[in-house]
Amino acid sequence: MFMQQMINGFSLGSMYALIAIGYTMVYGVLRLINFAHGDIMMVGGFLGFFGVAVLELPFLAAVLLAIVGSALLGMASDRIAYRPLRSAPKISLLITAIGVSFFLENAFNVFFGGVPRAFPVPSVLEDILEFGGLTIPVSALIVPILTAMLLAIILWVLFKTKYGMAIRALAFDVDTVNLMGIDANRIITIVFGMGSALAAVGGIFWVVNYPSVDPMMGVLVGLKAFAAAVVGGIGSVGGAVLGGLIIGFTEVVVIAFLPELGGYKDAFAFIFLILILLFKPTGILGIDFEKSRF
Amino acid sequence: MTVKKDQWINLSFVFGVIGFIGIANSFFDEYTIRILNNIAIFTILAVSYNLINGVTGQFSLEPNGFVAIGAYVTALLLVSPEAKQYQYAIVDPYPFVLSLHANFVVALVLSGFFATCLALVLSFPVFRVRGDYLAIVTLGFGFIIKIFAINYPEVTNGSLGLNDIPEFSNLYWTGGIAIIAVITVLNIVNSKFGRAMKAVRDDEDAAIAMGVNTFKAKTFAFCTSAFFEGVGGGLLAALLTSISPDLFDFFFTFQLLIIIVLGGLGSTTGAIVGTILVMGGSEWMRFLDEPMKFFGYTTPAMPGLRMVVFSLILIFIMLFAREGIMGKKELKDLFKGRKRSAK
Amino acid sequence: MRKLSVLAASALLLASSSFAKEINVGVVMSMSGPLAAYGQTCNEGIEFAHSLQPKLKNGDTVKLVLIDTKGDKVESANATTRLISSDKVVGIIGELTSTNTAQVMAIADKKEIPVIAPVATNDKLTEGKKFANRVCFTDSFQGAVVANYAAKDLKLKTAVVVVDQAQVYSLGLAKAFKDAFSAAGGKIVKEIKVSSGDKDFKAVVSQIKAANPDFMFLPMYHPEVSMIARQAKQIGLNKPMFSGDGVANQTFIDLGGDAVEGYMFTDFFDYGAPPTERSKEFIKAYAAKTGKQEVNSFVALGADAYNLMVDAMNRCANPEDNICVNNEIKKTKGFEGVSGVISMDELGNSTRSAVIKVVQNAKAVYKATVNP
Chain A
26 MFMQQMINGF SLGSMYALIA IGYTMVYGVL RLINFAHGDI MMVGGFLGFF GVAVLELPFL
86 AAVLLAIVGS ALLGMASDRI AYRPLRSAPK ISLLITAIGV SFFLENAFNV FFGGVPRAFP
146 VPSVLEDILE FGGLTIPVSA LIVPILTAML LAIILWVLFK TKYGMAIRAL AFDVDTVNLM
206 GIDANRIITI VFGMGSALAA VGGIFWVVNY PSVDPMMGVL VGLKAFAAAV VGGIGSVGGA
266 VLGGLIIGFT EVVVIAFLPE LGGYKDAFAF IFLILILLFK PTGILGIDFE KSRF
Chain B
90 MTVKKDQWIN LSFVFGVIGF IGIANSFFDE YTIRILNNIA IFTILAVSYN LINGVTGQFS
150 LEPNGFVAIG AYVTALLLVS PEAKQYQYAI VDPYPFVLSL HANFVVALVL SGFFATCLAL
210 VLSFPVFRVR GDYLAIVTLG FGFIIKIFAI NYPEVTNGSL GLNDIPEFSN LYWTGGIAII
270 AVITVLNIVN SKFGRAMKAV RDDEDAAIAM GVNTFKAKTF AFCTSAFFEG VGGGLLAALL
330 TSISPDLFDF FFTFQLLIII VLGGLGSTTG AIVGTILVMG GSEWMRFLDE PMKFFGYTTP
390 AMPGLRMVVF SLILIFIMLF AREGIMGKKE LKDLFKGRKR SAK
Chain C
3 MRKLSVLAAS ALLLASSSFA KEINVGVVMS MSGPLAAYGQ TCNEGIEFAH SLQPKLKNGD
63 TVKLVLIDTK GDKVESANAT TRLISSDKVV GIIGELTSTN TAQVMAIADK KEIPVIAPVA
123 TNDKLTEGKK FANRVCFTDS FQGAVVANYA AKDLKLKTAV VVVDQAQVYS LGLAKAFKDA
183 FSAAGGKIVK EIKVSSGDKD FKAVVSQIKA ANPDFMFLPM YHPEVSMIAR QAKQIGLNKP
243 MFSGDGVANQ TFIDLGGDAV EGYMFTDFFD YGAPPTERSK EFIKAYAAKT GKQEVNSFVA
303 LGADAYNLMV DAMNRCANPE DNICVNNEIK KTKGFEGVSG VISMDELGNS TRSAVIKVVQ
363 NAKAVYKATV NP
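Chains as they are written, first to last, in the numbering used here: chain A, 26 to 319; chain B, 90 to 432; chain C, 3 to 374.
No lab work stands behind these hints, which were simulated from the structure alone. Any given hint could be a false lead.
Each computed PhoX-like pair below joins lysine-lysine, with the alpha-carbon atoms no more than 20 Å apart [said to hold, decoys possible]:
(1) B:Lys287 <-> A:Lys115
(2) B:Lys305 <-> B:Lys421
(3) C:Lys154 <-> C:Lys241
(4) B:Lys421 <-> B:Lys287
(5) B:Lys417 <-> A:Lys115
(6) C:Lys192 <-> C:Lys180
Which chain A residues stay away from chain B? Per the calculated CB distances, all over 10 Å, these [as the list claims (entries may be wrong)]:
(7) Ile32
(8) Leu82
(9) Ala106
(10) Thr121
(11) Val125
(12) Asn134
(13) Val146
(14) Leu166
(15) Asn203
(16) Gly206
(17) Ala209
(18) Gly263
Far from chain C by the CB rule (all over 10 Å, computed), these chain A residues [as the list claims (entries may be wrong)]:
(19) Arg193
(20) Met205
(21) Leu245
Heads up, the beta-carbon is just placed ideally off N, CA and C, and yes, glycines get one too.
Next comes chain A alone, as it looks inside the complex (with noise of 0.2 Å):
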């Protein structure tokens, strides 16, 4: 019992650590608390859904599709509605997230209702390992893999790459990178693409875990996702992974072992978010955000 609820979750963190990366990488270079996140990760599922379900793809073509069609609606979320507003106060910024956030929403809740749609879930990623008296759906293993495996890319891009070095430079200062004939924007423009794709693909994974699709699904994880973010320490994408991990982990120890407060499971992200904010603001990974990233 006790290993099983570990390995549940290890599965529910490793869920929130591949959302919260796409949050993470966002906040690095813009500063910018994407509130839509979370519903481009619901737009992601959507479109696996009428991938598979409507379209009658095949699972990885459906996949493609949602991280093709999520990364363009964050990029042009990015160029009408962020792009604008570099120079505004910041404020303007966070009121336009929401904004785009509320829109997302409630035009899919307008135009395919608020009722929840089954995922068909491909049946090889249905199969459960069992061993030792443990039980292991693959669809669970898959992610914890999958994460690991983006955070090896995204971080070989980041240190490797000619992009990678314009996105770290741009999160220490935007006006230097466009002196250095840098097209800044265009750089963001990436960065908010790669996060919305990095969104999908935890979109599609989250409606593989839980096969049912809706508009509000985005809400609370999205939330949860930046909670973790922040724990973890904002800009860093290990520590992303991190603080994922250890919300997850929370959640579960908190049902499976301390049932009496199994109603109070939503608020530790936030209680977490707090505390850490009180005694180690630069988060767990402790980098001076002032200064560095990633």
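Start from chain A and add chains B and C according to the hints.
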């Protein structure tokens, strides 16, 4: 001379409102009076929310949390012990819950007081770091309050909420407190503290360099907002006569955000104008949810379209008309010559 | 102007008895917001029943005035006040959830306007109110139905209950079930709290598996229950599962897939076994209009809320006399509604039967009827 003129404009406005309340009760039907009550309560909330968001420039999403605190404190103090006895259906309440009882004024003041205390506690983790986190912490705070209200039935009666709250709120109370709130906020904005808040909004680094204690300025703005939001919550509870946790979800805050953005961030007059437009307008906007006829083609009813339009309005204002209706101007500025307002 | 026209109308009425009036009945419903899907279904029933029976016996026409509440309490209060003060309704049908209905009833009770709630099941709802009524059964009845069926018919001894803390419906039903199941000699081995909106229940189902009960009672709505059923199947937890009417819809079966085969739940009625004549006619007319046979319980209950209101108005000499209409609603006995035979009591609660259904081959199949 100008100061005197400003006072006259404000004073005549206050008397206009008092006069309006006086005649409203006998002229309008109950439905209109209910809408007026809503407008008065939301004016209190919008004007105080504007203090932290507009005047101090710190993006905060707290109102639903503090309104909930105020509503619950007032409800617990007003509901008679007999009524409480049969309401608690999930678990038996703590004995002290049953013995709580106070009159309306005390209940409202305590509502504001508790909200202020919590705001003070929250401001330590939040304002120690630069602004950004305020949004997410206050958003999370709203969630936590709701989760507590649901999971602590010994006090809050859980998701059943509290019913049979005596209906104390009427236009005299809501309108009167709205006037007090507006005057208080205007006085703060025009005081030394208000100038510190605006300095924080316009350039925090410069404000620090000038010796402004930014932590103090932000905390003061936040706590004042919280106080009036608590009081507003109390009035709302005594108007609705029943409250439950789902009333205080994020949508409540979103509505207030639209109000202050539409009215013009930083303008108290704008917050009032925004309240009247949104609270009155959302009734009118109902037509969006109903089936519509375009050139003989009938679109199906699209419930929720109103919310899509609301969010588009928010984005649109931020992109193209960041000043809102009033900009940072107040009522008195409208009466001044062009030379001044051109600045 | 309005007064004048009413005056003119009544004068005309005196002059010729063949002149028919128009009487307003209010409908307060969540047509948008998070519960829109349910509100729209319920309102479909109200409006369809109205189209079948738009006139009273004496020839007066009933006009429905629908106001959307967005599922919000403040809006529910606004809507109720507007219906009573500007639309001068004789009675109100609505709202959807128990919390919002409580808000509607609190205001209407002061104005002495009868309210009929179609689907709000919370026990406390009508307590202490004179003008509050409902056509659905209460949580305590439904809880007892499940408890007795499990304990006596299926001979199950131990149960785990999972409660959604955020839903009034879930709390009420869970409490009623626990009381009735203990009284029937059963034992609750564990109670687990969750919140609506959750998707990950792996920790919950692992715990249930460890507790090893005879069956599980999940008094919640379908989005959460379907996820629990799926994740239970994943870890090989194959005990019988029960729910209340919160899962009585096709969406539940679609979401649950294979995992909800054999799932049992209570419902108000079954369109495959129409309980009354009126029920048969309604289903026929509904199929003729919409092309589908499946009449959802919420449609049937919405229709019955309207039918009962009209029936009570018909029994009053003056159908606009709200006090008389309220008294007649409470006096209703053996009323043949779409969803079954309904008898009202002094408190405004209805005595009616429940049906038990089981999921077989991705369809909800009628299993038994339980009479009170």
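Hints and how they fare:
| no. | hint | verdict |
| --- | --- | --- |
| 1 | B:Lys287 <-> A:Lys115 | 15 Å, holds |
| 2 | B:Lys305 <-> B:Lys421 | 29 Å, violated |
| 3 | C:Lys154 <-> C:Lys241 | 17 Å, holds |
| 4 | B:Lys421 <-> B:Lys287 | 19 Å, holds |
| 5 | B:Lys417 <-> A:Lys115 | 17 Å, holds |
| 6 | C:Lys192 <-> C:Lys180 | 11 Å, holds |
| 7 | Ile32 | 26 Å, holds |
| 8 | Leu82 | 28 Å, holds |
| 9 | Ala106 | 6 Å, violated |
| 10 | Thr121 | 5 Å, violated |
| 11 | Val125 | 7 Å, violated |
| 12 | Asn134 | 5 Å, violated |
| 13 | Val146 | 29 Å, holds |
| 14 | Leu166 | 31 Å, holds |
| 15 | Asn203 | 21 Å, holds |
| 16 | Gly206 | 28 Å, holds |
| 17 | Ala209 | 20 Å, holds |
| 18 | Gly263 | 20 Å, holds |
| 19 | Arg193 | 34 Å, holds |
| 20 | Met205 | 45 Å, holds |
| 21 | Leu245 | 6 Å, violated |
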